[in-house]
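2 protein chains.
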Amino acid sequence: MNSRQSAASSKDVETRCRIVATAERLFREIGYNKTTVADIARCLSMSAGNVYRFFTSKSEINEAVGRQLMGEVEQAAEAIANSQGPASERLRKLIHTVERMNSERYLSDTKLHEMVSIALTENWPIVREHVLRMDVYLQKVIRDGIEAGEFRHQDPALAARLVHTSTMRFCHPRLMVECGEFTVPTIDQMLDFCLAALHA
Amino acid sequence: MNSRQSAASSKDVETRCRIVATAERLFREIGYNKTTVADIARCLSMSAGNVYRFFTSKSEINEAVGRQLMGEVEQAAEAIANSQGPASERLRKLIHTVERMNSERYLSDTKLHEMVSIALTENWPIVREHVLRMDVYLQKVIRDGIEAGEFRHQDPALAARLVHTSTMRFCHPRLMVECGEFTVPTIDQMLDFCLAALHA
Chain A
1 MNSRQSAASS
11 KDVETRCRIV
21 ATAERLFREI
31 GYNKTTVADI
41 ARCLSMSAGN
51 VYRFFTSKSE
61 INEAVGRQLM
71 GEVEQAAEAI
81 ANSQGPASER
91 LRKLIHTVER
101 MNSERYLSDT
111 KLHEMVSIAL
121 TENWPIVREH
131 VLRMDVYLQK
141 VIRDGIEAGE
151 FRHQDPALAA
161 RLVHTSTMRF
171 CHPRLMVECG
181 EFTVPTIDQM
191 LDFCLAALHA
Chain B
1 MNSRQSAASS
11 KDVETRCRIV
21 ATAERLFREI
31 GYNKTTVADI
41 ARCLSMSAGN
51 VYRFFTSKSE
61 INEAVGRQLM
71 GEVEQAAEAI
81 ANSQGPASER
91 LRKLIHTVER
101 MNSERYLSDT
111 KLHEMVSIAL
121 TENWPIVREH
131 VLRMDVYLQK
141 VIRDGIEAGE
151 FRHQDPALAA
161 RLVHTSTMRF
171 CHPRLMVECG
181 EFTVPTIDQM
191 LDFCLAALHA
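Keeping their order, the protein sequence lines are chains A and B.
Sequential numbering from 1 applies to the first sequence in my numbering.
Sequential numbering from 1 applies to the second sequence in my numbering.
No lab work stands behind these hints: they were computed from the structure.
Possibly wrong hints are sitting among the right ones.
Reference listing, derived: stretches of chain A covered by chain B, where coverage requires no fewer than 3 residues with Cβ under 8 Å from a Cβ of chain B [said to hold, decoys possible]:
(1) 107-115
(2) 166-176
Selected chain A positions facing chain B (in silico; Cβ < 8 Å) [what the hints assert, rightly or not]:
(3) Leu-44
(4) Ala-48
(5) Lys-93
(6) Ile-126
(7) Glu-129
(8) Arg-161
(9) Phe-193
(10) Ala-197
(11) His-199
(12) Ala-200
Backbone N, C-alpha and C define an ideal beta-carbon position, used for all residues, glycine too.
Modelling step: build the complete structure from the supplied sequences, incorporating the hints.
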């Protein structure tokens, strides 16, 4: 690749990022359903045609926004999975972090919640991919816990799915709303329960 | 109450039941949204005005249908909770029964699923009441298990909420659809995990 191609492609990456950032802002401000590709283009002072050079449809832009929002949660989870300390503490911190990040982005922001709600209903592959990536970080922590003798010997992949499924009420944006009235169990009571099962 | 009043009131109860049964059938056949009070009245060869003597709105009829559908699941759970046998076996049977009954009625029947979906989104008080009643049966089984020394000493009310929350993916009609692709954990793997936590 010569320097001119490289410059062009880095400009393309930048434009792509600006489209995604603008789309995310518009989803927050006017909502997912009401935002059009023309709105996104207008905010960036470019033609809709230019936006379509990067994304073939509005739904592709939405996917990119979703990936970015979920990617931030994945990065936080990865950092905790790779940190030092007892596995039980990291597991607790990981689930708490997901709960806090999802509350901040999807619950306090009803417009973004609309996007998530549609994604979950339409069962976007990106939601499934996000769940599977989060499983990997949970697995890492649980494997460490087994190796350190903190948890009993067990299949880390299955254990990760069990913890993830048990704590779904605290990580799944729609359940967080639906189950909001249920103050018991708290997230820590649920984590104590999971840790008891992992130790047993 | 004299015999004439009693006869009238038993006829009223019967009419109420017929309205609910007809509404349920129409929800299954033409869907929740499309069914009107006029449709229900027509099927019963009565006037819409007569239906309104029993239910002040369509939403009240819907509630009665929901209560009946969930009431059947509650009766099955109660029978299991009051049966004999080890608590762990009854707990397993209870969750399996809920999963099977909800699959039969809400998953194989997409029209009824529409009703449930609306109920969950609108967060009908009846859904919350159903969850709390199911908690009571779970509590009964867990309390028996603690008294028999099968489970460690713990608060049965909290333990019931923990088991119920952990197994939500298998009991909550919308999650059963959304999580359908996730074949792990199975319901028995999740129950083993919960039982490990209760025993620990």
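Hints, one by one, checked against the model:
no., hint, result
1, 107-115, "violated (count 0)"
2, 166-176, "holds (count 4)"
3, Leu-44, "violated (34 Å)"
4, Ala-48, "violated (33 Å)"
5, Lys-93, "violated (20 Å)"
6, Ile-126, "violated (13 Å)"
7, Glu-129, "violated (12 Å)"
8, Arg-161, "holds (5 Å)"
9, Phe-193, "holds (5 Å)"
10, Ala-197, "holds (4 Å)"
11, His-199, "holds (6 Å)"
12, Ala-200, "holds (4 Å)"
Hint compliance for this structure: hints 1, 3, 4, 5, 6, 7 are broken, all remaining hints hold.
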